[in-house]
Amino acid sequence: MQAHVKDDQLFIEKMHDIVQQEAETVSWEHFQMAYTAAKATNIDTFTGLVAPGYLPHMTFHPHQLEASRRVVEEMNGRAILADEVGLGKTIEAGLVLKELMIRGLVKKVLLLVPASLVNQWVNELNSKFHIPAASQRKQYVWEHYDVIVSSIDLAKRTPHREIILEQDYDFVLIDEAHKLKNSRTKNYSFIQSLKKKYCLLLTATPVQNKLSDIYNLVSLLKPGYLGSYKQFKDTYGDDRNDLEQHHYLKELIRKVMVRNRRDDTGLQWTKRKVETVWIDFEDAERDVYDTMQDSTSAAATFARITLLRELCSSREAAYLSMKKMVEENPQSSDVYLPLMQAIEKLPHHSKALKVIELIKAAPAGEKFIIFTEYRASQFYLQWMLKQHDISSVPFRGGFKAGKKDWMRELFEKHAQVLIATEAGGEGINLQFCSNMINYDLPWNPMRLEQRIGRIHRFGQENDVQIYNFAVRDTLEAHILELLYKKINLFERVIGNLDHILAELQVPDMEKEIKRIFADSRSDGEIKVKLDNLTAVISETGEQIERSKMHG
Amino acid sequence: MDRHILHQFLRKFFISNGCQLLEENDGLLRIQLTPALDEELMNRPFYWRYKKKLGQEGEPMELTLLTDPEQTAEKAEHIHFGSPRLHQIFRLIRSSAQVARLYEKLDTNSRTALYPWLIRNMSVHFSGKRKRTETHSVGLQLLNGQFMTNAMENFTNLDFKQQISDHCYCLSPVIRYPSGYQRISSYMLAYLDTLDTGWVTETTSVLEQEKSLLAHFFDPNSQEEQDEELRQERAALYDNELAALNRRLTPSIHIETINAGIFYLSEKTSRQLLQKKEA
Numbered sequence: 001m002q003a004h005v006k007d008d009q010l011f012i013e014k015m016h017d018i019v020q021q022e023a024e025t026v027s028w029e030h031f032q033m034a035y036t037a038a039k040a041t042n043i044d045t046f047t048g049l050v051a052p053g054y055l056p057h058m059t060f061h062p063h064q065l066e067a068s069r070r071v072v073e074e075m076n077g078r079a080i081l082a083d084e085v086g087l088g089k090t091i092e093a094g095l096v097l098k099e100l101m102i103r104g105l106v107k108k109v110l111l112l113v114p115a116s117l118v119n120q121w122v123n124e125l126n127s128k129f130h131i132p133a134a135s136q137r138k139q140y141v142w143e144h145y146d147v148i149v150s151s152i153d154l155a156k157r158t159p160h161r162e163i164i165l166e167q168d169y170d171f172v173l174i175d176e177a178h179k180l181k182n183s184r185t186k187n188y189s190f191i192q193s194l195k196k197k198y199c200l201l202l203t204a205t206p207v208q209n210k211l212s213d214i215y216n217l218v219s220l221l222k223p224g225y226l227g228s229y230k231q232f233k234d235t236y237g238d239d240r241n242d243l244e245q246h247h248y249l250k251e252l253i254r255k256v257m258v259r260n261r262r263d264d265t266g267l268q269w270t271k272r273k274v275e276t277v278w279i280d281f282e283d284a285e286r287d288v289y290d291t292m293q294d295s296t297s298a299a300a301t302f303a304r305i306t307l308l309r310e311l312c313s314s315r316e317a318a319y320l321s322m323k324k325m326v327e328e329n330p331q332s333s334d335v336y337l338p339l340m341q342a343i344e345k346l347p348h349h350s351k352a353l354k355v356i357e358l359i360k361a362a363p364a365g366e367k368f369i370i371f372t373e374y375r376a377s378q379f380y381l382q383w384m385l386k387q388h389d390i391s392s393v394p395f396r397g398g399f400k401a402g403k404k405d406w407m408r409e410l411f412e413k414h415a416q417v418l419i420a421t422e423a424g425g426e427g428i429n430l431q432f433c434s435n436m437i438n439y440d441l442p443w444n445p446m447r448l449e450q451r452i453g454r455i456h457r458f459g460q461e462n463d464v465q466i467y468n469f470a471v472r473d474t475l476e477a478h479i480l481e482l483l484y485k486k487i488n489l490f491e492r493v494i495g496n497l498d499h500i501l502a503e504l505q506v507p508d509m510e511k512e513i514k515r516i517f518a519d520s521r522s523d524g525e526i527k528v529k530l531d532n533l534t535a536v537i538s539e540t541g542e543q544i545e546r547s548k549m550h551g
Numbered sequence: 001m002d003r004h005i006l007h008q009f010l011r012k013f014f015i016s017n018g019c020q021l022l023e024e025n026d027g028l029l030r031i032q033l034t035p036a037l038d039e040e041l042m043n044r045p046f047y048w049r050y051k052k053k054l055g056q057e058g059e060p061m062e063l064t065l066l067t068d069p070e071q072t073a074e075k076a077e078h079i080h081f082g083s084p085r086l087h088q089i090f091r092l093i094r095s096s097a098q099v100a101r102l103y104e105k106l107d108t109n110s111r112t113a114l115y116p117w118l119i120r121n122m123s124v125h126f127s128g129k130r131k132r133t134e135t136h137s138v139g140l141q142l143l144n145g146q147f148m149t150n151a152m153e154n155f156t157n158l159d160f161k162q163q164i165s166d167h168c169y170c171l172s173p174v175i176r177y178p179s180g181y182q183r184i185s186s187y188m189l190a191y192l193d194t195l196d197t198g199w200v201t202e203t204t205s206v207l208e209q210e211k212s213l214l215a216h217f218f219d220p221n222s223q224e225e226q227d228e229e230l231r232q233e234r235a236a237l238y239d240n241e242l243a244a245l246n247r248r249l250t251p252s253i254h255i256e257t258i259n260a261g262i263f264y265l266s267e268k269t270s271r272q273l274l275q276k277k278e279a
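Chains R and Z, in that order, give the protein sequences.
Counting with the UniProt record's numbering, you get residues 1 to 551 for the letters of the first sequence.
Counting with the UniProt record's numbering, you get residues 1 to 279 for the letters of the second sequence.
By construction, these hints were calculated from the structure, which means they are not laboratory data.
Just so you know, even glycine gets a beta-carbon here, dropped at the ideal spot from N, CA and C.
In silico DSS-like links for lysine-lysine, alpha-carbon gap of 25 Å or less: (1) Z/Lys131 <-> R/Lys6; (2) Z/Lys131 <-> R/Lys255; (3) Z/Lys12 <-> R/Lys39; (4) R/Lys255 <-> Z/Lys129; (5) R/Lys485 <-> R/Lys271; (6) R/Lys485 <-> R/Lys273; (7) Z/Lys131 <-> R/Lys39; (8) Z/Lys129 <-> R/Lys107; (9) R/Lys39 <-> Z/Lys276; (10) R/Lys400 <-> R/Lys156; (11) Z/Lys211 <-> R/Lys233; (12) Z/Lys211 <-> R/Lys108; (13) Z/Lys129 <-> R/Lys39; (14) R/Lys273 <-> R/Lys367; (15) Z/Lys131 <-> R/Lys107; (16) R/Lys354 <-> R/Lys273; (17) R/Lys354 <-> R/Lys367; (18) R/Lys186 <-> R/Lys108; (19) R/Lys128 <-> Z/Lys75; (20) R/Lys210 <-> R/Lys511.
Some chain R residues flagged as far from chain Z (calculated, every beta-carbon gap over 12 Å): (21) Ser332; (22) Ala361; (23) Glu409.
Please model the entire structure based on the sequences and the hints provided.
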């Protein structure tokens, strides 16, 4: 069997033009250098990664090198990278891209990532991989730069969409690809119609609860690889649990998907040290809390639970909510106005004082991240820290990408504390900080895991210290004692948590817990219901662990 | 290319392009660029356009390159194999040194004949499931048609000039260089025939597999939707994917000429080179 050979016939014409002129041609030195340059860039081997040799400033971990090698050599540059959170999917993808570029297989590149991550991708590709990536801001960029990073929402809008669909991309990458699991969405058909030679899909959660999710992802990479949808459904059904029974399907998937788990990487992870910091309300605070809890306006049960949570966080949070409720519904002022007046008289929040105490007791300059659920608490904490000469910067999910980068940098270089209102699961990496204060706890374990993941990740060199603040004899105490301690979330890394929650078909954990609080008539009832919930979470986790479906 | 070789390479590049070396130590090069190199390397087209419009001479910048990864200096950039700057320089060199006519530098008092050689340097790209590239330098004596492999490597210790040395004269080629160029092509094709074709077989079978999967997935007979628009959409998707497959997995070899030149060598040198080759 022979390959088609294409000879360089254009060159001889160019040569002819130059040789015909009597003028001097290039010097021997330059002629030699051109040959040396070409020879140095020619890679005379089919196998192995050459890119790491070109990136002497980077240290890659064995699982990252192996993942990239498999994608390039065994998967022909079309793969799902599905490492668990924090193992460096970005690094693996960058390495694959660099390898393909060095080997001359890829020139035109499109990376579609969440809007909040565009800048981070651009920075990492440039600084870590020397890949001259540009972010999409203006229209003309599409045609003029070879490597573009954009959000999918921007890319699919007119006029960008039309321009992009005309390009012949050598390489397309989709970050957070699990969002593409539904083949009927606009995003899906947009990605499907892109012209792409090589393609990487990045996701930490390749399968949630339906087999069709994985079918759709694989079909983007390799249409036909899993058969037609009808055949697929007839053969395998649509129940994720069936995947365990289908070894053949598992094998098929293994050929297009790389999935490293923390346990498989052989890396020493730094420890998580968890400490619960109990706070006792002052008498005045306790009085207001109890009054609020006992107010028996039945219609407002949900609102009451929200207010109680807020009061555990800051006076301001509860006060602002009530003020808003009164504005929206003047009749409710009978209930809320007395409470608001009581709150106004409260001293500084016991929890905030505890934060100051904790930070002051730490070695000078020790950095802390404080997470709170409420913006009012965030403002309050900022003010409090300032009163005590502790420098801090705020961080919110709503910040534009540029501002996030700036805040992150301020925190790294200048401020001692970062006060964040949102875990920002797709947000910033703060591994240079190893202390976290959960000023109040989210009622969704996944969000807590994401919070911790901001600092307990790749690159963290110290043990991570997590302080969970809770006010004794309040809702917070229940959440901490009955939910989080039971599922043992703080100490271990639950890589499967997202699967578990999806499995449980609980779309909104927070609402679920609120309902438990609202519907229960006694602490005993709350305890029983939360116990049931945690038992199911633990069992499902064990089940998934046992099946270890994607090896 | 290790960092010492890289350092020498860059030094040679800048000096031979007329730049002044402002500072140099082991691992650092500070260079005063010429206007021409500033325009090529510093990426400030507007500056140069305005200067030209105003009829003024531009002020070329200084460039400090660190070839030692451990070194630091103000306003300096690290350069290493794989850095965009180096590849920019490589591209510049390659595009500016494509065709040469050079004469062996000889110090002689007697009339000396110079024999014409065509030297063709090539990258041979093998592209299939994966890719690799060989580098070849083939010479052809244009009087008797003798071949020489590794020509550039053999020439390492020789020196060539752009003008003919005193007392030397050139012999006219019997083989014209365009047909010499074709002879080298034939020589390369014969060489390619001797290579193992395992990679072609492997790539072709992968291509066939993927094609049949694709056809199966897009089989119009198994489509439930009868809507004409949908069918057309799927047909377009199929064409798209098929084209991508073919682009990615059609095995091919591409001979790309890096550069080429006519070199005039004395008989003595030619003989020495060919003897060395036979030895």
